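A.B. asks: Sequence:
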Amino acid sequence: MSHLTPSGKWDARYFGPVPHDASYYAKCMLGGVLACGITHAGMTPLDVTKCNMQ
7 MSHLTPSGKW DARYFGPVPH DASYYAKCML GGVLACGITH AGMTPLDVTK CNMQ
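In this text, residue positions in the sequence shown follow my numbering: the first is 7, and each later residue adds one.
Be a bit skeptical, because a hint or two may be false.
[What the hints assert, rightly or not] Label pairs and their in silico Cβ distance ranges:
(1) P25 with T45: 26 to 34 angstroms
(2) P51 with R19: 39 to 47 angstroms
(3) Y20 with C57: 46 to 54 angstroms
(4) W16 with A47: 33 to 41 angstroms
(5) V24 with K56: 40 to 48 angstroms
(6) G38 with N58: 36 to 44 angstroms
(7) A18 with A41: 18 to 26 angstroms
None of these hints come from the bench; they were simulated from the model. What you are looking at is a predicted structure, and each value in this text was computed from that prediction instead of being measured. A virtual CB, placed ideally from N, CA and C, is assigned to each residue, including glycine.
Model the full assembly from the supplied sequences, consistent with the hints where possible.
C.D. replies: Shown next, in the form of structure tokens:
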């Protein structure tokens, strides 16, 4: 358990580097889609409808 400090708490400084491979970027893309894509997919049609009503 090299990622634990003597106090037993997790510390990212001792965990090691994050590999930036295709899996890492796929996870980042999925996080972006879930965080922002769903909201934009729902709000854009409402905004278009609102603008067309003006």
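A.B. asks: Decide, hint by hint, whether the structure agrees.
C.D. replies: Structure-based check of all given hints:
1. Remark: the range hint 26 to 34 angstroms for P25 to T45 is upheld by a beta-carbon distance near 30 angstroms.
2. In this structure, P51 and R19 meet the distance hint of 39 to 47 angstroms, their C-beta atoms being roughly 45 angstroms apart.
3. Between Y20 and C57 the Cβ separation comes to about 53 angstroms, which falls inside the hinted range of 46 to 54 angstroms.
4. Distance hint check for W16 and A47: the Cβ-Cβ separation is about 35 angstroms, which falls inside the suggested range of 33 to 41 angstroms.
5. Separation of V24 from K56 is about 42 angstroms and conforms to the stated range, judged on CB atoms against 40 to 48 angstroms.
6. Between G38 and N58, the C-beta spacing of about 29 angstroms breaks the proposed range 36 to 44 angstroms.
7. Look at A18 against A41: about 21 angstroms separates their beta carbons, and that is inside 18 to 26 angstroms.
The structure shown violates just one earlier hint, number 6.
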